[in-house]
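Chemist: Sequence:
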Amino acid sequence: MVGVLRESITDEDLKTAARNLGSAEPPSTVLAVPRLEMDLKAMKRFFKGEKPTEVPVRATKVFQIIYGFGDASGEGFGDVFLNKEGLSIHVGVWNYQSREESSNFREF
3 MVGVLRESIT DEDLKTAARN LGSAEPPSTV LAVPRLEMDL KAMKRFFKGE
53 KPTEVPVRAT KVFQIIYGFG DASGEGFGDV FLNKEGLSIH VGVWNYQSRE
103 ESSNFREF
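The opening position of the sequence shown corresponds to residue 3 in my numbering, with each subsequent residue numbered one higher.
Please keep in mind that the hints were generated in silico from the structure rather than gathered at the bench.
C-beta: ideal position from N, C-alpha, C; glycine also.
Hints are supplied without guarantee of correctness; some may be wrong.
DSBU-like, lysine-lysine: derived pairs with alpha carbons at most 30 Å apart [said to hold, decoys possible]:
#, residue 1, residue 2
1, K86, K63
2, K53, K63
3, K43, K53
Quick list of the computed label-pair ranges, beta carbon to beta carbon [claimed, not checked]:
#, residue 1, residue 2, range
4, K50, Q99, 54 to 60 Å
5, K53, T12, 38 to 44 Å
6, T12, S75, 31 to 37 Å
7, F83, E103, 47 to 53 Å
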């Protein structure tokens with residue numbers, strides 16, 4: 003159904019398609035995509051040994067988990083987070099541009 007708009011598919015069409023999902027016989031042959039050979043060679047290389055291939059990975063980023071909470075209103079914001087250095091507290095009022103944004107934007 004390539005090129006068919008969602009609005010043109012009725013609920014009955016969807017129900018019929020769902021009922022027929024398990025009833026169709028799979029094709030006896032399929033047409034391979036051009037990259038199949040390359041994918042098979044890669045899989046053969048991954049699984050060639052007795053043991054799984056080890057790939058050493060060095061972290062390029064370090065993440066820190068912190069605990070905290072915050073809130074925002076139409077006029078201002080505040081948050082408190084506990085991290086390894088202690089409490090981190092931020093409070094303030096919105097600038098003109100931020101004050102015009104949605105509450106979802108300000109809470110984010």
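Chemist: If a hint holds in the structure, say so; if it doesn't, say that too.
Modeler: These are the hints, each one checked on the structure:
Simply put, K86 and K63 have alpha-carbon atoms about 18 Å apart, close enough for the 30 Å limit, and the pair holds. This hinted pair checks out: K53 and K63 have alpha carbons roughly 29 Å apart, not beyond 30 Å. Using a Cα cut-off of 30 Å, the hinted pair K43 and K53 holds, with the two alpha carbons roughly 18 Å apart. Here the CB-CB span from K50 to Q99 is close to 58 Å, well matched to the stated 54 to 60 Å.
A beta carbon spacing of about 54 Å between K53 and T12 contradicts the range 38 to 44 Å that was offered as a hint. The hinted window of 31 to 37 Å between T12 and S75 is violated, with their beta carbons roughly 46 Å apart. A hinted range of 47 to 53 Å for the beta carbons of F83 and E103 is inconsistent with their spacing of about 22 Å.
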